[in-house]
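Using the supplied hints, reconstruct the complex from the two chains, each of which is provided in its own coordinate frame.
Spelled out, the chains give:
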Amino acid sequence: MDFLKMFSKSSKNSKNVAKERLKLVLIHDRADISPKFLQMLESDIVRVMSEYVEIDEEGLDVKMTRTKRESDGSSVPALVANIPIIKVKDRG
Amino acid sequence: MGKVIVITSGKGGVGKTTTTANIGTGLAMLGKKVVVVDADIGLRNLDVVMGLENRIVYDVVDVVEKVCRLKQGLIRDKRYEGLYLLPAAQTKDKSAIKPEQMLELCNELKEEFDYILIDSPAGIELGFQNAVAGADESIVVTTPEISAVRDADRVIGLLEAKGLNSPKLLINRIRPDMVKKGDMMNIEDMIDILAIDLLGVVPDDEAIVVSTNRGEPVVSDQSTLAGKAYNNISRRIMGEEVELLNFDHEEGKFTRIMKILFGK
Chain A
1 MDFLKMFSKS
11 SKNSKNVAKE
21 RLKLVLIHDR
31 ADISPKFLQM
41 LESDIVRVMS
51 EYVEIDEEGL
61 DVKMTRTKRE
71 SDGSSVPALV
81 ANIPIIKVKD
91 RG
Chain B
93 MGKVIVITSG
103 KGGVGKTTTT
113 ANIGTGLAML
123 GKKVVVVDAD
133 IGLRNLDVVM
143 GLENRIVYDV
153 VDVVEKVCRL
163 KQGLIRDKRY
173 EGLYLLPAAQ
183 TKDKSAIKPE
193 QMLELCNELK
203 EEFDYILIDS
213 PAGIELGFQN
223 AVAGADESIV
233 VTTPEISAVR
243 DADRVIGLLE
253 AKGLNSPKLL
263 INRIRPDMVK
273 KGDMMNIEDM
283 IDILAIDLLG
293 VVPDDEAIVV
303 STNRGEPVVS
313 DQSTLAGKAY
323 NNISRRIMGE
333 EVELLNFDHE
343 EGKFTRIMKI
353 LFGK
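Residue numbers (my numbering), protein chains in the order written: chain A, 1 to 92; chain B, 93 to 356.
Just chain B, same shape as in the assembly (with noise of 0.2 Å):
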């Protein structure tokens, strides 16, 4: 029996779709059977960044419709053993897949998956609504700026509110240059105000504009910083115990063994 983890934000551009990618193909890479679904209704993007947009057939609003099987519509990642992406549709609106149904899905998809991650719209109306309906575990996707971790705030009380309990933190665009100086919060700053597990913290790479133009996500580059955040929070998903990143600066204190098991 597979899980289902949600990913999400309330605030827009924080980086939900890469992080959804990036899980995706990361565990995908160790083995494990894993499907990403697009909820984002109406603005699908996880199937260009992860290189997939020429092979759309159907999406998942003609999956819970049952205008096709769940079979025919998943596409399967050549690149990658095990890995499927079940795309959002792009000419509907949100309304058109009722939390319910995301649950259904969600149910089937366990039977088959043994991770099933869903890429949240940015909000907290009926586009989140559906992408948390169907979820086991959830993850909060913030930035070290005020606005982001205010929502992550926010969404991490409405997680809860829905019995989502413990949503594990992901931290991404840390600058080291910029907490060295004092000028960004630091890890430590937003675990103290969010008050909730750090799953892991993605550094501001190039890599992943380049990864992203190219449609090919950064943690199968195990040479990026990056695409070595992305495989170690895969790793900590599937319950090992791995050191936070050293991203040489002051952060590096708080490399301490992160004992974030999901689940198991």
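Bound-form chain A, shown alone (with noise of 0.2 Å):
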């Protein structure tokens, strides 16, 4: 029972797994946007920076998510890459 008990404490609830998957899900619902889309995207990002900088590709994280737009405070969707940057090509 215990033993139980120390499972589902260091367990996530269900429910959040639950809500963090509909998040997503719903994230690419209401934009459109396919992952295979979204791969495309992410390569022709790679390529272009490139050309300019070393990319670390094992960290390189796209994906989409859901800001509010300043303008009218309306919820909108937005692309956030985090790309590590190894170091800068010299461009000499």
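Source of the hints: derived by calculation from the structure; they are not laboratory data.
With a straight-line Cα cutoff of 25 Å, these simulated DSS-like cross-link-like pairs (lysine-lysine) come out:
#: 1; chain 1: A; residue 1: K15; chain 2: B; residue 2: K260
#: 2; chain 1: B; residue 1: K163; chain 2: B; residue 2: K124
#: 3; chain 1: A; residue 1: K19; chain 2: B; residue 2: K273
#: 4; chain 1: B; residue 1: K272; chain 2: A; residue 2: K19
#: 5; chain 1: A; residue 1: K15; chain 2: B; residue 2: K273
#: 6; chain 1: B; residue 1: K273; chain 2: A; residue 2: K23
#: 7; chain 1: A; residue 1: K87; chain 2: A; residue 2: K63
#: 8; chain 1: B; residue 1: K103; chain 2: A; residue 2: K19
#: 9; chain 1: A; residue 1: K12; chain 2: B; residue 2: K272
#: 10; chain 1: B; residue 1: K124; chain 2: B; residue 2: K202
#: 11; chain 1: A; residue 1: K23; chain 2: B; residue 2: K260
Here the structure is a predicted model, which is why all the values come from computation and not from measurement.
If you want it as structure tokens, here you go:
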């Protein structure tokens, strides 16, 4: 019994898992952006950036999220890209 | 002039028909003249949930095709003053009615009734388009499951695109015990995600199964939790401010006065 309790405490509540998964899937549904489209976008961004900097492709994270538009506070889709740079290329 | 409210969900099996039957009966019990329309052509079910399956002569397709007059197609529920059913056709398919015909039917019903409730079929195809064609307002039914909430979100987008702004959310089959354990999304979670106004919450109640078995909408039994919930929802639709039912768990915190005014 104690073991079970410990187990349930250490694991995330299933409703939080559901909520997180739902939020992600709705971002894609609402923006009408498929994972394939995102993949294409990601590789194009990487290709362009690679001309200037060396990128840590392992740490690359490109995803869709939502943000509040400043003008009227409405929620709009946003592309968030976290692209770790190893070093700037010598452009001499 | 009456008001047409479509009850929809996207996903099947979340309780659209049970909701339509109970809100319809609830409004009639509160003295309103109500017609519930089954728009699920080919998969007729509102008749059995209402317990009126043995009284059907004509159906909604007969009415729009003018095989019979509107008055002949309507089935009067003898148990509740002012409650009528317009059943779906069972042997035809969804293409038997066009959205324009549905709009015309709704306009005709508005002259006679205070509330016209349209039970939409699942899905977002023609049957759904028909169901929303004549609607003034909409209720989106969901359950606390990922698939149902996702489909609800999609349907909310489609309703808004049709000019049916501010759909109201009805959360069905909440299990307070599971919510308490953190194993089911709670009311706030779903409102947060869907970002629409809440019309009401109906608990997962065995009384619904029992009452559906008998063909008597649960709202007629005010000793049940689900019956009370549907009564509250009916009153909110009429513009009354009714507090959310307390299911005796953390959701209780959420009980605040609801200001959901359907139109008026």
